[in-house]
Amino acid sequence: MANGTIAVPHKAAEPDFYHVRTKHTGIWAWLLTTDHKRIGLMYLSAMTFFFLSAMTLGVLMRLEMLTPGETIMSAQTYNSFFTLHGVIMIFLFIIPGVPAVFGNFILPIQLGAKDVQFPKLNLLSWYLYMIGGILALFSLFIGTGIADTGWTFYAPYSIRTTTNVSISVFAAFILGFSSILTGLNFLTTIHRLRCPGMTWFRMPLFVWSIYATSWIQVLATPVIGITLLLVILERAFGIGVFDPTLGGDPLLFQHLFWIYSHPAVYIMILPAMGVVSEIIPTFSKKPIFGYVPIAISSLGIALVGYLVWGHHMFSSGISDTSRVIFSLLTFIVALPSGIKVFNWVATLYKGSIEVTAPMLFTLLFIFIFSIGGLTGLTLGALNTDLHLTDTYYVVAHFHYVMFGGMGLIFFASMHYWFPKMYGKMYNEKVAKVSAYWIAVGFNTLYFPMFIMGYLGMPRRYYDYLPEYQIWHVISTVGSWILVSGILIMVFNLVKGIRSGKPTTANPWGGTTLEWTVPSPPPLENFDVIPTVTTGPYDHTQMQKQLREQYKQQQKAEEEKN
Amino acid sequence: MSQNIDTSQQEIHEVHIHRDDFGSKMGMWLFLFTEVLLFGGMFILYASYRFIYPNEFVLAASELDMLMGAVNTVILLTSSLTVVLGIVALQKNNKKLCMFFMWVTVVCGLLFLVNKYFEWGAKFHHGIYPKGPALQDMSEGEVMYFGLYYVMTGLHGLHIVVGLAFIGFVMWQIKKDILTSTNFQRLENAGLYWHLVDIIWIFLFPLFYLIH
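One line per chain: the protein sequences are A and R, in this order.
Residue numbers 1 to 561, in my numbering, belong to the letters of the first sequence in order.
Residue numbers 1 to 212, in my numbering, belong to the letters of the second sequence in order.
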């Protein structure tokens, strides 16, 4: 029994949340909804659009790098492309991705709640997200062109360039506001709306990871808010705080920027790690190994991750003492991530592993994320970083941890919770093919970047010396493989939504609360708020059932003989 | 979703109404944390530049009118008191008294803004504003001081405006009896926000007006 609950049978006649009649109808039933499930799905559709557009930009950039010199775009266009690619991917997909979609849809159900604590605020966050996203795209079509600063908006260039930096920066500011409100909402939800019996250490690990993430969202995002606001004021009025010609110090911009943006990489990865901790026990039919260490390591990552921002500035001219301290802390922050990886692998040990599509994506994640994490350590070490900084090695590293981390797990959660969200099933075979396809494409695209980065290929150039071409060609071919894999996956999921086979409440044999409610869930999730009596990954019932089945099979065979 | 079934026969589903005063207070406190960190970024910048330009900061600070700053401090502290009195009055079910204290709070907030307007106006008049004529002759440190002064007091002023709007909104709700002696959490949240705006000023005042 999931979470050891007392099962509450749902009235069969109760409509699911898609079909229930609410105050508003038609499109307004979506746009004015305060239902966490609908809001989650609205995020999902917006995010799919943003992800695919930024992916297209990425593919075009790879195409430009196919040959040295100008291939399909000018240097200025290339600069705008990598800025827009970064801004959209980071601020509109990777940072909000898992919390906004799956946090919204799944977290309240996992807690045994009917909705989040502040449903109206939740809708407001979605509107802010949309306004931010539209503004970011809007900068394409007006004024003097898209920002060409890179997604980091480093001063003083961001103050001087004549491109549309102010609009992009303002978009990021609004998205930050949306992120803060989401974090605030989840924190209060987790504190206040846990169902009876759901003690802190009975919460699913996905909830724990969202909890840690939300604290970072609340405590780090305002710092980037004020920093971005200052860039706008600087451009509009010439205050001077980041402008060396007026006595300001551009290094302070970098400090303030990374005080947010480094913790932000944990906003990106922690929820993904939470999803992994859900998927692995479900498909190993075993309780997770090391529940408490995994839960606490999320908080550990959030805490230490706050103090390592300086490792983005090793070559910017900060003092040697602070470089040594930041380097040490960077090594320390790798420990909690390591704890998680070892616990996941230990959970697999002697489990009854079922390699479904979500599990396949998760196993790929462990492999790819480990490469990303270990190469991160070479960048955290002072001497190697000086050689590798601002090369393709860095680009490869953060695509391995960001895309290979958050991206793959976003795909995994899409498959894992798909039956819950739509009440239907995608085609498992096609999903697995797409997973392998993505894995091959991913490594072909990004692994050569490690090599050419080590050989000295600098990032953010539209041109390069001919000796790097072989690596660029391999990488560009990889981008085609990766994109075709992603497209196969997307088409398979869309087909599943339209005409997939109907599924049951618990197709995977999951043990957390979301698997006790029908798929798709009714409007208020639970008729009666459940009471939990055990931890989240109690597979004993399931194991008993399997044992019974096995015994019966053996009996039947004996009788045959 | 793609499927459409006839829903006209179903009764309209009543959305479950959930009231949790402790929860909304917690949400407010978390929001205040974000405000502290927002200003925290500014205070870090202030600290850095004051460390780089200690003498210039003192010189520039002499341009500010200490009396105006002090009057504004007194005004804001008074408003913080009246907002508390307003909350207590509502808790004791004295709606009239509550509204009186809330009006005093609003008047104090407006007075603060009027003072600020005259302060900023006088400086603009003397050409002290970003890229203004007076700043051309000043040292980098002094320019930085005024840059920070305008950004930080401006941002604070914006928070006063937001706080007043918030208070105005809860006053309307008190008038409509939406907020009562048993349901006053939103008023308390408005009070919390107002205190935060007040506390930030308590740090801004010495850092800009009282350094020597």
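None of these hints come from the bench; they were simulated from the model.
From the three backbone atoms N, C-alpha and C, an ideal C-beta is built for every residue, glycine too.
It is possible that some hints are incorrect.
Using C-beta positions, here's what the derived DEER-type ranges look like [said to hold, decoys possible]: (1) A:Ser-45 <-> R:Phe-169: 53 to 63 Å; (2) A:Phe-367 <-> R:Ile-178: 36 to 46 Å; (3) R:Asn-55 <-> A:Leu-382: 50 to 60 Å; (4) A:Phe-237 <-> R:Val-58: 31 to 41 Å; (5) R:Ile-178 <-> A:Glu-354: 46 to 56 Å.
A partial selection of chain A residues facing chain R, derived with a Cβ cut-off under 7 Å [unchecked claim]: (6) Leu-31; (7) Gln-117; (8) Ile-180; (9) Leu-187; (10) Thr-188; (11) Arg-192; (12) Val-218; (13) Ala-236; (14) Gly-238; (15) Pro-244; (16) Leu-252; (17) Leu-256; (18) Leu-465; (19) Gly-500.
Mimicking DSS-like on lysine-lysine, the simulated pairs with C-alpha atoms at most 25 Å apart in a straight line are [as the list claims (entries may be wrong)]: (20) A:Lys-424 <-> A:Lys-501; (21) A:Lys-120 <-> R:Lys-131; (22) A:Lys-114 <-> R:Lys-25; (23) R:Lys-25 <-> A:Lys-120.
Outcome of the hint check:
A hinted range of 53 to 63 Å is violated for the C-beta pair Ser-45 of chain A and Phe-169 of chain R, which are about 33 Å apart. As the Cβ distance of Phe-367 of chain A to Ile-178 of chain R is approximately 56 Å, the hint placing it in 36 to 46 Å is violated. Checked against the given bound of 50 to 60 Å, the beta carbons of Asn-55 of chain R and Leu-382 of chain A, roughly 36 Å apart, lie outside it. For Phe-237 of chain A and Val-58 of chain R, the Cβ-Cβ distance of about 24 Å falls outside the hinted range of 31 to 41 Å, so the restraint is violated.
For Ile-178 of chain R paired with Glu-354 of chain A, a C-beta distance near 54 Å keeps the hint of 46 to 56 Å intact. Hint status for Leu-31 of chain A relative to chain R: violated, with the closest Cβ pair at about 15 Å, above 7 Å. With a least beta-carbon distance of about 5 Å to chain R, the hint placing Gln-117 of chain A at the interface is held under the 7 Å criterion. Annotation: interface hint on Ile-180 of chain A holds; nearest CB of chain R at approximately 5 Å, less than 7 Å.
The interface hint given for Leu-187 of chain A holds, since its Cβ lies 6 Å from the closest Cβ of chain R, which is under the 7 Å cut-off. Annotation: Thr-188 of chain A was flagged as interfacial toward chain R, and the flag holds, the nearest CB pair being 5 Å apart, inside 7 Å. Interface restraint check for Arg-192 of chain A: the shortest CB-CB distance to chain R comes to about 4 Å, inside 7 Å, so the restraint holds. The beta carbon of Val-218 of chain A is positioned within 7 Å of a beta carbon in chain R (closest approach about 6 Å), and the interface hint is therefore held.
With 7 Å as the threshold, the beta carbon of Ala-236 of chain A stays out of range of chain R, its nearest partner Cβ sitting at about 9 Å, so the hint is violated. Interface restraint check: Gly-238 of chain A against chain R, minimum CB-CB distance 5 Å, threshold 7 Å, status holds. At a threshold of 7 Å, the smallest CB-CB gap from Pro-244 of chain A to chain R is about 10 Å, leaving the interface hint violated. A least Cβ separation of about 6 Å between Leu-252 of chain A and chain R falls short of the 7 Å threshold, and the interface hint therefore holds.
Among the interface hints, the one on Leu-256 of chain A holds; its C-beta lies about 6 Å from the nearest C-beta in chain R, closer than the 7 Å criterion. The closest approach between the C-beta of Leu-465 of chain A and any C-beta of chain R is roughly 40 Å, which is over the 7 Å cut-off, so the hint fails. Taking 7 Å as the C-beta cut-off, the interface hint given for Gly-500 of chain A is violated, the closest approach to chain R being about 11 Å. A distance of roughly 5 Å separates the Cα atoms of Lys-424 of chain A and Lys-501 of chain A; the hinted pair therefore holds under the 25 Å criterion.
In summary, the hint linking Lys-120 of chain A to Lys-131 of chain R is not supported, as the alpha carbons are separated by about 43 Å, beyond the 25 Å threshold. For the hint pairing Lys-114 of chain A with Lys-25 of chain R, the CA-to-CA distance comes to about 20 Å; that is within 25 Å, so the pair holds. With a C-alpha separation of about 16 Å, the suggested pairing of Lys-25 of chain R with Lys-120 of chain A holds against the 25 Å cut-off.
When each numbered hint is compared with the structure, violations occur for hints 1, 2, 3, 4, 6, 13, 15, 18, 19 and 21.
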